[in-house]
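Number of protein chains: 2
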Amino acid sequence: MTPTEKVLARLEQAFPAQQARWLDLLRIPSISAQPAHAADCRAAAEFLRRDLESIGFTASLRETPGHPVVVAHHPGPGADAPHLLFYGHYDVQPAEPLDLWTSPPFAPAVVDGPHGPRVVARGAVDDKGQVAMWLGALRAWVEETGSLPIRATVLIEGEEEVGSVNLEAFLAANRAELAADVAVISDTNMWDIDTPAITASLRGLVYMHVLLKAAARDLHSGMYGGSALNPINALTRALAALHDATGRITLPGFYDGVAEVSAEQAAQWAALGFDEGKYLGDIGLSVPSGEAGRGGLERLWARPTCDINGIWGGYQGPGAKTVIASEAGAKVSFRLVPGQNPEQIVASFKAFMQAHVPADAKLEITGSGSPAFRVSADSKFIDAARAALAEEYGRPAVLIGGGGSIPVVGSFHRMLGLDSLLMGFGLEDDQIHGPNEKFEVRCFRHGTRSHARLLGHLAAK
Amino acid sequence: MTPTEKVLARLEQAFPAQQARWLDLLRIPSISAQPAHAADCRAAAEFLRRDLESIGFTASLRETPGHPVVVAHHPGPGADAPHLLFYGHYDVQPAEPLDLWTSPPFAPAVVDGPHGPRVVARGAVDDKGQVAMWLGALRAWVEETGSLPIRATVLIEGEEEVGSVNLEAFLAANRAELAADVAVISDTNMWDIDTPAITASLRGLVYMHVLLKAAARDLHSGMYGGSALNPINALTRALAALHDATGRITLPGFYDGVAEVSAEQAAQWAALGFDEGKYLGDIGLSVPSGEAGRGGLERLWARPTCDINGIWGGYQGPGAKTVIASEAGAKVSFRLVPGQNPEQIVASFKAFMQAHVPADAKLEITGSGSPAFRVSADSKFIDAARAALAEEYGRPAVLIGGGGSIPVVGSFHRMLGLDSLLMGFGLEDDQIHGPNEKFEVRCFRHGTRSHARLLGHLAAK
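From first to last, the protein sequence lines stand for chains L and X. My numbering puts the first residue of the first sequence at 982, with every later residue one more than the last. My numbering puts the first residue of the second sequence at 982, with every later residue one more than the last.
These aren't lab readings, by the way, just hints derived from the structure by calculation. Hints are supplied without guarantee of correctness; some may be wrong.
Note that the list lumps identical chains together, so a pair holds whenever it fits in one copy or between two copies.
[To be verified] Below, a list of computed lysine-lysine pairs in the DSSO-like style, where the Cα atoms sit at most 27 angstroms apart: (1) Lys1259 to Lys1343; (2) Lys1259 to Lys1194; (3) Lys1331 to Lys1259; (4) Lys1361 to Lys1259; (5) Lys1343 to Lys987.
Construct the entire structure; sequences and hints are all you get.
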């Protein structure tokens, strides 16, 4: 048996213990957006520090102005071995609306699904499940061979779901310590449950918080309607103006730098046989939304978008209340593609909103963004990942685009000069960020094995 | 001393007890819109029944499919005396948002303001305070003279704030018992704290509840943005289309039957010297909203409006959540003027929304309406009220329009053949339906005295 084969055999035997550690991590409600959960975030970080120390890493918590970063190092076989920087995040999205969960979000439930058992919990896949896979692979290598076949640095942050607000400063302050040959990031999806994927491009993100204030107090619509500014009327009007009738975004300068998809890229995507009708049918929809005259994968991977992620104002309870609210708010995000400038879009959005509300409306707008990124597809690390995935699944991995944003890919490139290898095992229907987030145990198992194989391939080179 | 003078003297002496009964009524959280408060609604009705019985009325609670109606009768001096039907409502609006109240909404606080003491509580004025005024006047007449100078029927409902959904059926079933010469309704405002007013016209109301459902579950905007329907994007777009750039409402047929203001009416209103800049300045605004090219009082009293009273969808908490919600909702109301047909506007709104959302959007829309009403200004009851108010305030009452809707005025006309006398003592800044609703004790005292004078004038005729 090769070392990799021995490690794979050990993984099978160690699987119950690995799954138990994953579920323990999921029990910690490490919601980075909610200040009440700050102690839980720290508890998740401590959990990971102890786990890494137990397999021979030197690990520590590093303070930031927000939640701490877990950093750990393993020397592997020595200075001339490839050096991998494993990145993940231990924080999770808020679990609201809680009433739509079939089991409590932080009491992981193992339930049967069409692909066998799955784990339902907030963070099941994003990103605790994905992190638990490579942690399991590292553990199996150490326990089976006494060491790792590569040098490893681990960086697990606690603020990915709130925009990694303190990460760049941390990277800048620790450049030397975080030096490596490539970053390994497991926060993306497979093509489908039988087809592994490496993500080669990612959309960026601009996220804006909007508050529109009108009168100094709530008003009676019978007494003031027709004279006083209604902030919900004004906000809906301004937000509606963000798209034209064809679904194109109307922000001035928004499409500056956006390139058309190359014929070669279009041909590769066409070969994937993406069925948008089925994709939408799985979530109860049938008619594609977004820009008219663009293909399905093009809209998802290569075109920028604008979604209102939340809106509120006035009376939301049962029955009727004839109030004119004093304020209304919304959360608005833009997915960006390569070429778009996030800072310029933040500024354009602020100016657009100001221009589209009445003079009396007092606007408070904050937000920030990160650019899209395209990953180089040619490297020994991508080659090793393709080989590992092909062996594990018996079919080649496909190179796909990602609709979501993983800003750390850009940060690693800018601050550390590192390319990233995006090898993830989520599925489209994992409901990340929604109620009943889940991760298939089958994906978890194959993902762990793929990570173990990747290390073997890099050792051999 | 005339009987009226004796009654007024007694009122001064009885004022502390009258105010105590008013505050006791305010302590009952009779929120008709919220099922959890059904027992409180009944408790308020019982409170009023006992109060009426204690001054010689035969009073009872009458069951409806919703909250009960209080009905009471007093024979007064006999069958040839004028017969007044006093109407009020004991239910109140929900008190949310609770965090904006400076004292608990159902623990009435007597605090000092620029006009002397005021009572802060939900229902302080609307309508418990206004009801407590005429109840106090009736009590003083009975206690001072042993009876009333008029025949009185009292009808106090518990569903005004939820559209009086069961009132018309109740009126139809009790026509004979509720026969009277005129209805006296105290649910409107003064012109200002020194100038009494009789309301001669009222806008109607259509209130609609909208729910727009999209995908079967919440989605990740990175994964689905650009393909899946975003219900907040769609809802804001449809709602924004309800107004054109000049503030005119775009619903087909909406302005059918709306008459222009007559030159005479316009002249009367111009003479009132309404200062819209001050009106808006008092609530922290400066620029009139609503239809372009229309006067301030015209927009408030004679033009229909559309206000979004509430909106919600997606993530409303702190921080960022990149979700595409599965549904979004709104509450939308229209204030109507004479000539508009509420049923036609309900139907037009439903069709409009359906036409303005994407094919995939599943709309659930419910709602209903009541027409606007114009009150006849020529009657011995209006004359008596004008005389009573002029004596009490030392200046004539003005005849004003009302922006709000009091559907019962139309119901009384249709079902009982009764005209209404709308003599109210609220002020614009009473914050009804909002946090910190208040009623000036000075208004309460003058209002009570004005009601007592009104009875004296009717006895003499």
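Hints and how they fare:
Taking the shortest Cα distances, Lys1259 and Lys1343 sit within 27 angstroms of each other only across copies (19 angstroms), while inside one copy they are farther apart (44 angstroms). Taking the shortest Cα distances, Lys1259 and Lys1194 sit within 27 angstroms of each other only across copies (19 angstroms), while inside one copy they are farther apart (42 angstroms). Within a single copy, Lys1331 and Lys1259 get their C-alpha atoms no closer than 37 angstroms, and across copies no closer than 30 angstroms, so neither meets the 27 angstroms cut-off. Proximity of Lys1361 and Lys1259 under a CA criterion of 27 angstroms is satisfied in neither setting, with 35 angstroms inside one chain copy and 73 angstroms between copies.
Taking CA atoms no more than 27 angstroms apart as the test, Lys1343 paired with Lys987 passes in neither setting, with 65 angstroms inside one copy and 55 angstroms between copies.
When held up to the earlier numbered hints, the structure conflicts with 3, 4, 5 and fits the remainder.
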